[in-house]
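> Sequence:
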Amino acid sequence: MDRKITRGGLPTTTLSDAVWLGRALPQTSEQAWPPRPPVRDHSKDPHLRTSLRAELPYEAVINYGITYSGAWRVRNMSMSGVFVEMDVGDLQEGAVVEFVLRYHYRGEALEHRLPATATRIQPNGVALKFGRYDDETYTQLINLLYAR
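Per numbering that gives the first Met the number 0, numbering through the sequence shown is continuous, rising by one, with the last residue being 147.
What the hints contain is simulated information worked out from the structure, not anything from laboratory work.
Glycine included, every Cβ here is placed at the ideal spot set by N, Cα and C.
Each hint should be verified, as a subset may be incorrect.
[As the list claims (entries may be wrong)] Simulated restraints on C-beta separations:
(1) GLY64 / HIS103: 19 to 25 Å
(2) ASN75 / ARG112: 18 to 24 Å
(3) ALA146 / GLN91: 32 to 38 Å
(4) TYR137 / ALA108: 15 to 21 Å
(5) ILE65 / THR118: 21 to 27 Å
(6) ILE65 / ILE120: 16 to 22 Å
Go ahead and model the full structure; you've got the sequences and the hints to work with.
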């Protein structure tokens with residue numbers, strides 16, 4: 000079968016070429032190779048981790064309502080939240096608290112006061128999800144978690 004010549008002098012593809020190209024290129028994302036993992040909807044399960052966590056040898060203060068707690072051990076922390084080993088007392092899931100972390104980095108004393116929501120209460124502690132924080136805090140947390 001002869002190929003047709005277009006005005007630009009280039010041959011057009013034949014029907015058999017189009018069929019083979021159509022089989023080689025997937026039409027939808029479900030047909031893509033290699034198969035993509037399913038996208039998880041984190042809004043349905045707030046306990047799923049959304050970022051890497053690091054173990055930290057620090058203590059933090061959790062301010063709840065008009066009360067201040069003592070210093071509690073931070074078990075692990077990420078850019079989006081933290082698990083603090085503490086006596087939860089009357090703290091309820093969904094409560095808004097202030098997470099206060101003080102530490103030294105490169106000879107400089109730093110303090111972060113981050114708004115957080117209690118997402119999981121356990122007998123040995125509480126999981127907190129951080130609220131919004133500024134770019135400077137973001138940079139300092141990156142340095143704390145990943146550049147040490």
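> Please name the hints from earlier in the document that this structure breaks, with their numbers sorted from lowest to highest.
The structure breaks only hint 1.
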